[in-house]
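Student: Sequence:
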Amino acid sequence: MKISTKGRYALRMLIDLSMHKEEGYVSLKDVAERQGISKKYLEQIVPLLSRTGMLKANRGYQGGYALAKPASEYTVADILTLTEGSLAPIACLESDENDCPRAAECITLPVWKGLYETILNYLGGITLQDIIDSYGSSQADNYVI
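For the record, in the sequence shown the residue sitting at position 46 is 46 according to my numbering, with numbers rising by one throughout.
Watch out, some of these pointers could steer you wrong.
[As the list claims (entries may be wrong)] Calculated cross-link-like contacts (lysine to any residue; reagent style SDA-like; alpha-carbon spacing at most 25 Å): (1) Lys56 x Gly7; (2) Lys6 x Ile107; (3) Lys39 x Tyr25; (4) Lys69 x Val46; (5) Lys29 x Met1.
[Said to hold, decoys possible] What follows is a list of derived Cβ distance ranges for each label pair: (6) His20 x Ala104: 47 to 55 Å; (7) Glu97 x Arg59: 38 to 46 Å; (8) Ser95 x Thr52: 15 to 23 Å; (9) Arg59 x Glu22: 26 to 34 Å; (10) Asp96 x Pro47: 39 to 47 Å; (11) Arg102 x Lys69: 19 to 27 Å; (12) Ala57 x Ala104: 46 to 54 Å; (13) Lys6 x Arg59: 34 to 42 Å; (14) Gly125 x Ser86: 12 to 20 Å; (15) Lys69 x Lys6: 32 to 40 Å.
Quick caveat, the hints were computed from the structure, so don't treat them as lab data.
Quantities reported herein were computed from a predicted structural model and do not represent experimental measurements.
We treat Cβ as the ideally placed atom computed from N, Cα and C, and that holds for glycine.
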C-alpha cells in the first residue's frame with residue numbers, strides 16, 4: 001500500500017484548515033502557500049472533500065473553506081479512504097465480500113486480513129485533533145534563542 005499525493009495533500013489541507021479555524025473561511029491560496037502545495041492541485045481535491053461533507057465552502061469576498069465538523073471527528077482512515085478508495089493491502093479485501101476464487105484455500109489470506117485490520121484500527125484511531133495536539137506538544141519544548 002502506498003498513499004498517493006492526493007491523500008497526503010488532503011490530510012495536510014484539512015489539518016491546515018483546522019489549525020486556522022479562528023480565521024473563519026480560509027482561502028486555498030493561503031493553504032497552498034503555508035503547505036507548499038500547488039493551488040491547482042488543491043482545487044482538484046476540494047470537490048471530493050466538499051461532496052462528502054467534510055468541507056464547508058463560502059464564496060465571495062471573504063470566501064474560502066472550513067471544516068464542516070470539529071477536527072476530533074475526522075479520522076485519518078476516513079480521509080485516506082475517501083481519497084485513496086481503499087486501504088486494503090490486497091485486491092481481494094477491497095470489498096465486503098471476497099469474491100476471489102482461491103479465498104477458501106488461501107493460506108496467506110489471514111495475514112492480509114490482519115494487516116488490513118491493523119491499518120484500519122491504527123489510522124481510525126488518529127483524528128485531525130490528535131495530530132494537531134501532538135504537533136503542538138512537540139513544539140512546546142522547542143525553544144530557540
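Student: With reference to the structure, classify each hint as holding or not holding.
Tutor: Consistency of the hints with the structure:
no.: 1; hint: Lys56 x Gly7; verdict: 19 Å, holds
no.: 2; hint: Lys6 x Ile107; verdict: 34 Å, violated
no.: 3; hint: Lys39 x Tyr25; verdict: 16 Å, holds
no.: 4; hint: Lys69 x Val46; verdict: 16 Å, holds
no.: 5; hint: Lys29 x Met1; verdict: 31 Å, violated
no.: 6; hint: His20 x Ala104: 47 to 55 Å; verdict: 51 Å, holds
no.: 7; hint: Glu97 x Arg59: 38 to 46 Å; verdict: 42 Å, holds
no.: 8; hint: Ser95 x Thr52: 15 to 23 Å; verdict: 19 Å, holds
no.: 9; hint: Arg59 x Glu22: 26 to 34 Å; verdict: 21 Å, violated
no.: 10; hint: Asp96 x Pro47: 39 to 47 Å; verdict: 26 Å, violated
no.: 11; hint: Arg102 x Lys69: 19 to 27 Å; verdict: 41 Å, violated
no.: 12; hint: Ala57 x Ala104: 46 to 54 Å; verdict: 48 Å, holds
no.: 13; hint: Lys6 x Arg59: 34 to 42 Å; verdict: 24 Å, violated
no.: 14; hint: Gly125 x Ser86: 12 to 20 Å; verdict: 19 Å, holds
no.: 15; hint: Lys69 x Lys6: 32 to 40 Å; verdict: 21 Å, violated
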